[in-house]
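Visitor: Sequence:
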Amino acid sequence: MVRDACGDSGCVEGTWGGMSDPAVPVRRLRLEEDERLRPSVVVQRVLSIMPDVEAADSAAIHIGVTVMSAGAATEHLCHSISEFIYVVDGELVMTLDRRDLLLSAGDYLTIPAGRWHAFRNETAQIALMLFAFERNPTMLTSRRAPASQSS
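Using the numbering used here, the first residue of the sequence shown is number 3, and each one after it goes up by one.
None of the hints are false.
The calculated label-pair distances, taken between Cβ atoms and stated as ranges, are:
1) A126 with A62: 34 to 42 angstroms
2) I63 with A126: 30 to 38 angstroms
3) A62 with R100: 30 to 38 angstroms
4) T112 with S144: 14 to 22 angstroms
5) E77 with S106: 20 to 28 angstroms
By construction, these hints were calculated from the structure, which means they are not laboratory data.
Keep in mind it's a predicted model, so treat the numbers as computed, not measured.
Note that beta-carbon positions come from the ideal geometry of N, C-alpha and C, so glycine has one too.
Generate the whole structure from the sequences, applying the supplied hints.
Guide: Written out as structure tokens, the structure is:
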């Protein structure tokens with residue numbers, strides 16, 4: 003299951019440090035309890051930070067949150083731009099070009115552009131990771147089913 007972040011799917015606006023400033027809206031990402039607990043489910047939210055049109059050197063940043071329940075696996079993905087990954091909680095096995103790498107909370111890496119990769123949670127615990135792109139990767143991404151689903 004893949005869902006988009008801030009529309010009607012779980013972001014709420016709030017205040018920063020108890021102060022309200024309409025020029026600086028604060029949003030909170032919320033995952034519903036049932037989304038986090040169902041087995042073999044991948045929930046993703048993408049948070050887009052648009053460039054400051056007045057700053058010459060600003061760029062869009064796309065940051066996402068992936069929550070993987072026990073037994074969950076992503077599709078194999080390949081992007082034409084680099085992707086930054088940070089594991090916040092739990093353990094994940096990342097397959098990068100057919101090689102497995104165990105990632106634990108606190109691990110981070112950059113996946114170079116053009117490299118096929120996928121993630122799976124082989125533990126009984128929920129795993130949480132952040133990912134980031136320097137610009138919108140949607141049109142720059144190829145997908146294929148995990149090896150366990152393709153035949």
